[in-house]
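Got chain Y; can you put chain F on it based on the hints?
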Amino acid sequence: MICLGIEGTAHSIGVGVIKNVKGACQVLSNRIKTYQPEKGGIHPREAANHHALHIASLLSDSVQAAGVDFAEIDLVSFSQGPGLGPCLRTAATAARALALSLEKPLIGVNHCVAHLEIGRGTVKGCKDPVLLYVSGANTQVIAFAEGKYRVFGETLDVGIGNCLDKFGRELGLGFPCGPKIEEFAAKGTEYLALPYSIKGMDLAFSGILTAAEAYVQQGKRLEDVCYSLQETTFAMLTEVTERAMAHTEKQEVLLGGGVASNKRLREMVQTMAKDRGARFFVPSRDVCVDNGAMIAWLGFLMYQSGVRMKLEDSLINQRFRTDMVEVCWRD
Amino acid sequence: MTEKILYLGAEAEIRLSEYMGKKVVQKQRVHKAYRIKEIDHQLISYRTKEEAKLISAARSHGVSVPLLYDVDLTKGCITMEYLKGNRVKDMLNGLKESERRRICLKIGESIARLHDHDLIHGDLTTSNMIYWNDRIYFIDFGLGSQNIEVEAKGVDLHVLMEAFESTHSKYPRCFEVVLEGYTKHLQGDASGVVEKIKEIVQRGRYR
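Heads up: the protein sequence lines correspond to chains Y and F, in order. Basically the numbering used here = 1-based index in the first sequence + 45. Every letter in the second sequence is one number past the one before it in the numbering used here, and letter 20, counting from 1, is 9.
These aren't lab readings, by the way, just hints derived from the structure by calculation. Hints are not guaranteed to be accurate.
[What the hints assert, rightly or not] Result set (DSS-like, lysine-lysine): computed pairs, CA atoms no more than 25 Å apart in a straight line:
no.	chain 1	residue 1	chain 2	residue 2
1	F	K26	Y	K319
2	Y	K295	F	K(-7)
3	Y	K67	Y	K172
Chain Y extracted, bound-state conformation:
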């Protein structure tokens, strides 16, 4: 079965084409265009305009790159939520139009669950992981329990990526700031104490952000502030992930989301996994960031397990929580 997926929850619009090969996901193509704000963060309407501008060419490019014909596509899926309303609506509209014109079934999927499933689908050995999902908007620790993907821990205020972006924006680093903060942090030598904010398995970043900004105003070395910011927030992320692993008694950890590109975060989670005798997985970068292939793959899994979606049920849901999805494709 060949499935095309359209991702459009935030700053990226992506079209991916996948094929099911004996229960594993083969990515045939995966094209992404990313909106770059001129200044500040993501402006939802402008991001949506960007997506509308690029979706048609992305669709034909991706289908061509996959080496298939539009007529060979068996299923169209799209990111139904969570995300920014205008962006979600743009992607959903494109998906509906495509499904209707090809006369093929349409399925809306949960973006967060897609991040987890693409790990299981593309990374060998990854079967039942605890996912640390770290992106701009989302910071969640997700694992399968009692028929659903449950959120064991999550941010109580902003996502980790958003925290880094807000900090970087104060310094005029441009968007997204993660990679630049990572460069500065690598040159840091002195740890400046920051609040360490964990509540059960939940996290809060806003206080740390304020404290880090105060250090900058006091004239501390930027390298040291970035280093301290990364070390503190990533230690918190690693700790809650480990807590979730201990709690759920799972032996695998998977990284997902844009911030998973950060080498220091990878190193910390990998060390944690090694020390508890667990396995560490991270998908290749193209399926780790927001992308269409993961949406296509989850659409396939749902369709194969019998899920069908009527056109009138394909409304987007900005507040589509991870634990609202009935996971009927897993035991």
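Same frame as chain Y, but now just chain F:
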């Protein structure tokens, strides 16, 4: 002295040991290679100290907790009474409805007693409660604090609500019953705390 690891937690080893002829539990916080020394040392010594302080404070206010025998801040080790009994996590789902209700009311009552003395557990889950002698014993105050604010009490219960949702999802009314017991026994303003929990839920992403 033979030592046996009872449980390997996320941040500590729980060992069965002996102390002055008694069977005891030792909670040994372990160094984490993933975090830098500065954070590691700070967390281990701070949490060990806070945990010991909270356990004794809870005890002095009549909340059931293990008896403390020794606290070693340099090693990050607390030696405490060995509690028989079962983790509430392991027993709750298997109980009769009426018995489950009784236990949940008891949980609420015990949390109320903690909160009336501004003691915040910090990691209220059914894995951190032991049922023994018809009492709910709280263990693992590692993320706890003393805090007078309604916010802290709300967050404390919100953590428990999430634990119930993920671990006892077959019995969705459990948490309500806990709140019922809590509201009945809290001397302070319980409705303020219940409202705060709702507010915290709303604050969560995509709610």
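(request) Please write out, lowest number first, the hints stated earlier that are contradicted by the structure. (result) Hint check: nothing fails, all pass.
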